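Let the hints inform the model, and build the full structure from the sequences given.
2 protein chains.
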Amino acid sequence: MSSEIKRAKKGWSVPVSKMATNTFNPIRNIVDTMKLTPHPDKPMIALSIGDPTVFGNLPMPENCEVAVTEAVKKRSFNGYAPSIGYEDSRQAVADYVSTPTSRVDSKDVVLASGASGALDLCISCLADEGDNILIPRPGFSLYKTLAESLGIEVRQYDLLPEKSWEIDLDHLESLIDSNTRAVIVCNPSNPCGSVYSREHLLEILQTMERKRVPIIADEIYEHFVFSGQTYYSMASLSENVPVLACGGLTKRYLVPGWRMGWIVINDRNDALVEVRGGLLKLSQRLLGPNTLVQAALPSILANTPESFYRETLEYIENNANVFYQHLSQVPGLKPVMPQGAMYMMVGLDMKHFPEFKSDVDLTERLVTEQSVFCLPAACFQYPNYFRVVLTVPTEKVSEACERMAAFCREHYKPINGINGKPDL
Amino acid sequence: MSSEIKRAKKGWSVPVSKMATNTFNPIRNIVDTMKLTPHPDKPMIALSIGDPTVFGNLPMPENCEVAVTEAVKKRSFNGYAPSIGYEDSRQAVADYVSTPTSRVDSKDVVLASGASGALDLCISCLADEGDNILIPRPGFSLYKTLAESLGIEVRQYDLLPEKSWEIDLDHLESLIDSNTRAVIVCNPSNPCGSVYSREHLLEILQTMERKRVPIIADEIYEHFVFSGQTYYSMASLSENVPVLACGGLTKRYLVPGWRMGWIVINDRNDALVEVRGGLLKLSQRLLGPNTLVQAALPSILANTPESFYRETLEYIENNANVFYQHLSQVPGLKPVMPQGAMYMMVGLDMKHFPEFKSDVDLTERLVTEQSVFCLPAACFQYPNYFRVVLTVPTEKVSEACERMAAFCREHYKPINGINGKPDL
Ligand SMILES: Cc1ncc(COP(=O)(O)O)c(C=O)c1O
Ligand SMILES: Cc1ncc(COP(=O)(O)O)c(C=O)c1O
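Quick mapping for you: the protein sequence lines, in order, are chains A and B. The working numbering puts the first residue of the first sequence at 1, with every later residue one more than the last. The working numbering puts the first residue of the second sequence at 1, with every later residue one more than the last.
Keep in mind the hints are simulated off the structure, nothing from the lab. Any given hint might turn out to be false.
Said to hold, decoys possible - Here are a few chain A residues that face chain B, going by a calculated C-beta distance under 10 Å: (1) Thr23; (2) Ser113; (3) Gly117; (4) Ile123; (5) Leu150; (6) Arg181; (7) Asn240; (8) Ala295; (9) Pro298; (10) Glu317.
Unchecked claim - Simulated crosslink set (DSSO-like; lysine-lysine; CA at most 27 Å straight-line): (11) B/Lys35 x B/Lys351; (12) A/Lys35 x B/Lys107; (13) B/Lys334 x B/Lys413; (14) A/Lys73 x B/Lys73; (15) B/Lys18 x A/Lys18; (16) B/Lys211 x A/Lys211; (17) A/Lys396 x B/Lys74; (18) A/Lys334 x A/Lys42; (19) A/Lys74 x B/Lys396; (20) A/Lys351 x A/Lys163; (21) B/Lys18 x B/Lys42; (22) B/Lys35 x B/Lys396; (23) A/Lys334 x A/Lys163; (24) B/Lys357 x B/Lys35; (25) A/Lys396 x A/Lys334; (26) A/Lys413 x A/Lys334; (27) B/Lys35 x A/Lys107; (28) A/Lys74 x B/Lys74; (29) A/Lys357 x A/Lys42; (30) B/Lys18 x A/Lys107; (31) A/Lys73 x A/Lys396; (32) B/Lys74 x A/Lys18; (33) A/Lys35 x A/Lys351; (34) A/Lys42 x A/Lys396; (35) B/Lys334 x B/Lys396; (36) B/Lys73 x A/Lys74; (37) A/Lys357 x A/Lys413; (38) B/Lys74 x A/Lys73; (39) A/Lys334 x A/Lys357; (40) B/Lys42 x B/Lys413.
Quick caveat, the model's predicted, so the values are computed rather than measured. We put the CB at the ideal spot given by N, CA and C, even for glycine.
Here is the structure:
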């Protein structure tokens with residue numbers, strides 16, 4: 001008996017809410033419909049997975065292990081913490097993120113289940129059904145997922161690949177209306193790997209100040225920047241623009257599964273008085289993140305050796321260079337050199353790949369023929385790019401690049417330019 | 001310069017969402033407005049706190065510590081788990097909750113951040129703004145908090161203290177209309193300490209089957225029942241009524257801070273096909289609970305010794321008896337003997353306490369005069385009762401009872417009955 005007949009017979013089919021219906025993960029929606037059948041003779045290399053722990057080449061810092069183990073042993077962190085987190089843990093975050101121009105305190109910190117939980121609290125505290133928030137394009141897909149599940153409209157402002165993915169501020173400004181409740185700025189960026197300069201951040205802040213739109217700063221990658229780059233937190237550069245900064249242990253400490261994130265409330269002239277109260281109330285719905293990790297937080301943030309950060313970054317930057325050097329030689333590919341985070345975007349000159357309808361189509365075939373999986377940038381609402389992750393073991397990076405080069409050489413079709421010469 | 005002047009000057013005050021505005025924790029709303037000034041000569045005894053770990057007298061099972069420590073050491077559980085949880089952890093929950101009449105599988109389990117997270121997923125998956133769900137009165141206040149923050153109406157069905165807090169099914173049925181999306185049944189119950197008989201559960205299920213309303217079973221206290229009582233899971237007693245059962249480690253394993261909860265999807269004739277999909281999608285908003293605890297779950301559920309469960313229950317049941325024996329002798333108090341969970345409700349014969357306007361008023365004064373804090377049942381939308389927790393160290397229970405007796409003796413006013421005799 002088929003499901004439908006059974007249900008009809010019993011006459012009982014429980015409907016789902018609009019919220020569930022409207023919750024989409026664009027990555028899943030795209031990836032799950034791709035035919036990902038690797039070439040049988042070539043081991044799969046997944047350059048798609050944003051989880052830096054999957055290859056085992058980037059271990060968490062030793063002291064993270066020690067700190068959590070001690071928290072378990074003490075047996076005094078099994079009870080409920082305040083829903084915004086233990087005072088000591090919040091103070092530790094405050095100390096960690098404070099700068100001379102943006103001092104914060106335990107009372108300005110709300111702990112949450114990962115940066116995802118932090119973003120969810122911020123979005124649901126600021127906007128209602130029918131309101132809109134501005135998000136980057138290309139951008140991390142969760143912003144859209146979280147907002148749309150609550151009936152909040154997302155408006156995507158353009159990032160400019162030719163300017164290292166800076167924000168097209170004119171475009172951003174043109175999207176703002178009286179229902180705009182916040183703009184999310186992701187710096188350093190997933191998927192772009194961009195790190196904004198002080199000047200660009202100041203431009204963004206000026207725009208927001210003029211338009212009176214508060215900022216949700218997704219700074220989960222924070223100090224994850226390559227040599228020669230400096231990371232400035234959004235809050236450190238403005239005395240007037242209220243900033244809810246979202247961060248967490250996930251990326252810098254390589255422990256995404258621990259689900260430890262936070263919001264730092266950078267209030268300016270009491271503009272966020274109600275928001276602060278709102279975040280506190282919303283935090284009571286789920287009662288905060290795991291207490292063992294909360295208890296470990298002060299030690300993790302204070303005692304992780306500089307060498308750990310440096311070595312992790314060197315590894316990733318080296319991979320970025322390997323990718324860049326290889327792929328910029330490949331006809332039809334235009335890698336954009338990243339400045340931080342864990343990702344690189346690679347442009348596809350689609351007119352030279354007439355066999356393929358789209359980045360999704362091309363990356364699917366790259367799996368079939370070369371067993372290399374890059375995430376099509378359609379997942380980030382952006383066409384004709386794909387994203388590679390930089391946390392893959394370096395030997396695999398070289399191997400992947402060679403296979404990508406072979407793939408492109410095979411499918412690349414030169415086009416005669418105006419002067420009868422190939423135009424690339 | 002006052003806050004308001006500063007804000008006006010800068011002209012920037014960020015409004016909060018309806019969701020944040022509509023999120024209320026009734027317990028906080030009541031408790032925070034009480035004047036809780038203990039008597040200076042008497043150390044405070046808090047019988048109000050639903051966290052079984054605060055007194056240190058009820059430690060978690062040894063093997064919980066071992067299981068989590070091992071998960072940390074293995075270093076292979078730091079990455080992202082699937083958003084509904086690791087397959088093995090879900091299978092462990094399925095094995096733990098399955099009964100001969102309600103077999104479930106890993107695919108029927110969704111892990112979440114505590115039972116709170118599980119309830120939030122269930123409610124937001126089943127109901128929309130404008131719909132209603134039915135919840136018990138007196139009942140755990142989070143149901144109301146979660147639903148109302150999403151604009152979902154709650155309708156409270158009565159529990160009957162004189163029938164050990166069974167559900168008034170006629171009243172419940174009278175509340176159901178075409179917008180009713182679910183009924184939450186809490187068994188064993190916070191705050192009542194009731195454990196429903198097989199017969200009563202079957203009656204509830206019959207009603208729901210007739211009315212075609214699915215059940216959210218809050219079974220976080222599950223096997224936490226006193227001698228002579230048997231716990232039946234809702235799902236084990238019906239072949240036709242779809243049941244989303246919420247549980248977790250919080251209470252039975254005495255680790256509320258770990259935030260490990262679950263939903264067990266007990267589908268019947270594919271009535272929950274869409275709900276299953278909806279829960280999966282909603283779980284992707286926050287990416288599941290802490291992976292270290294997830295990894296420890298199979299060992300915790302399989303290897304916790306029977307003696308741990310037995311000793312914990314004996315301790316609590318003994319406290320229940322001490323409370324009951326003492327308080328049933330006290331003029332004006334009517335304790336209702338609990339059958340499980342960690343709480344006892346105590347009725348207040350308010351006509352004998354004319355000094356006090358309400359249970360809130362009386363319990364506030366009990367703090368002032370005797371430094372004993374019982375949670376007024378107004379926190380559970382129920383008048384003229386208070387709730388005591390049974391997890392307090394036994395010596396404090398006796399001491400608290402004596403002070404409560406002294407308080408009542410002092411404030412109790414006999415009333416002449418019809419025959420000129422006191423009516424109690
Ligand atoms: C830009 C960005 N923000 C937020 C998150 C979510 O982080 P978490 O795993 O801490 O929820 C991610 C994870 O990939 C991310 O890339
Ligand atoms: C009846 C009931 N359900 C759910 C919960 C929430 O449990 P958790 O701490 O796992 O979120 C509690 C906690 O007190 C409770 O009493």
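Consistency of the hints with the structure:
Annotation: interface hint on A/Thr23 holds; nearest CB of chain B at approximately 4 Å, less than 10 Å. Look at A/Ser113: its Cβ gets to within about 5 Å of chain B, closer than 10 Å, so that hint holds up. Among the interface hints, the one on A/Gly117 holds; its C-beta lies about 5 Å from the nearest C-beta in chain B, closer than the 10 Å criterion. Taking 10 Å as the C-beta contact cut-off toward chain B, the hint placing A/Ile123 at the interface holds, the least distance being around 9 Å.
Interface restraint check: A/Leu150 against chain B, minimum CB-CB distance 7 Å, threshold 10 Å, status holds. Here the hint on A/Arg181 is kept, as its CB sits about 8 Å from the closest CB of chain B, short of 10 Å. With its C-beta approaching chain B no nearer than about 7 Å, A/Asn240 sits inside the 10 Å limit, and its interface hint holds. The beta carbon of A/Ala295 is positioned within 10 Å of a beta carbon in chain B (closest approach about 9 Å), and the interface hint is therefore held.
Checking A/Pro298 against chain B by beta carbon gives a least distance of about 16 Å; that is not within 10 Å, so the hint is violated. Contact between A/Glu317 and chain B, as hinted, is not supported at the beta carbon level, the nearest pair being about 22 Å apart and thus beyond 10 Å. For the proposed pair B/Lys35 and B/Lys351, the alpha carbon gap of about 23 Å is at most 27 Å, so the pair holds. This hinted pair checks out: A/Lys35 and B/Lys107 have alpha carbons roughly 23 Å apart, not beyond 27 Å.
Between B/Lys334 and B/Lys413 the CA atoms are separated by roughly 16 Å; this keeps the pair inside 27 Å, and the hint holds. Among the hinted pairs, A/Lys73 with B/Lys73 is consistent with the structure: their alpha-carbon atoms are about 13 Å apart, no more than 27 Å. Annotation: proposed proximity of B/Lys18 to A/Lys18 holds, straight-line Cα distance about 17 Å (limit 27 Å). Between the alpha carbons of B/Lys211 and A/Lys211 the distance comes to roughly 52 Å, so the proposed pair goes past 27 Å and is violated.
For the hint linking A/Lys396 to B/Lys74, the alpha-carbon distance of about 24 Å falls within 27 Å, and the restraint holds. At most 27 Å may separate the alpha-carbon atoms for a hinted pair to count; A/Lys334 and A/Lys42 meet this at roughly 25 Å. The hinted pair formed by A/Lys74 and B/Lys396 meets the criterion: a straight-line CA distance of about 24 Å does not exceed 27 Å. For the suggested pair A/Lys351 and A/Lys163, the alpha carbons sit about 22 Å apart, so the restraint of at most 27 Å is met.
Of the pairs offered as hints, the one joining B/Lys18 and B/Lys42 is violated, with about 44 Å between alpha carbons and a cut-off of 27 Å exceeded. Between B/Lys35 and B/Lys396 the alpha-carbon distance is near 22 Å, which keeps this suggested pair within the 27 Å criterion. Between A/Lys334 and A/Lys163 the alpha-carbon distance is near 14 Å, which keeps this suggested pair within the 27 Å criterion. For the given pair, B/Lys357 sits about 15 Å from B/Lys35 by alpha-carbon distance, which is consistent with the 27 Å threshold.
For the suggested pair A/Lys396 and A/Lys334, the alpha carbons sit about 20 Å apart, so the restraint of at most 27 Å is met. For the proposed pair A/Lys413 and A/Lys334, the alpha carbon gap of about 16 Å is at most 27 Å, so the pair holds. Between B/Lys35 and A/Lys107 the CA atoms are separated by roughly 23 Å; this keeps the pair inside 27 Å, and the hint holds. Distance restraint check for A/Lys74 and B/Lys74: the Cα-Cα separation of roughly 20 Å lies within the 27 Å cut-off, and the hinted pair is therefore satisfied.
Proposed proximity of A/Lys357 and A/Lys42 is supported: the alpha carbons are some 25 Å apart, at most 27 Å. Taking the CA atoms of B/Lys18 and A/Lys107, the gap is about 23 Å. The hint holds against a cut of 27 Å. For the suggested pair A/Lys73 and A/Lys396, the alpha carbons sit about 39 Å apart, so the restraint of at most 27 Å is broken. Proximity of B/Lys74 to A/Lys18 is assessed by CA-CA distance (about 41 Å); at most 27 Å being required, the pair is judged violated.
For the given pair, A/Lys35 sits about 23 Å from A/Lys351 by alpha-carbon distance, which is consistent with the 27 Å threshold. For the hint pairing A/Lys42 with A/Lys396, the CA-to-CA distance comes to about 12 Å; that is within 27 Å, so the pair holds. Among the hinted pairs, B/Lys334 with B/Lys396 is consistent with the structure: their alpha-carbon atoms are about 20 Å apart, no more than 27 Å. For the hint linking B/Lys73 to A/Lys74, the alpha-carbon distance of about 17 Å falls within 27 Å, and the restraint holds.
The straight-line distance between the Cα atoms of A/Lys357 and A/Lys413 is roughly 14 Å, inside the 27 Å bound, and the hint therefore holds. Proposed proximity of B/Lys74 and A/Lys73 is supported: the alpha carbons are some 17 Å apart, at most 27 Å. This hinted pair checks out: A/Lys334 and A/Lys357 have alpha carbons roughly 18 Å apart, not beyond 27 Å. Only pairs whose Cα atoms come within 27 Å are accepted, and B/Lys42 paired with B/Lys413 is accepted, the gap being roughly 25 Å.
Of the numbered hints stated above, those contradicted by the structure are hints 9, 10, 16, 21, 31, 32, listed in ascending order.
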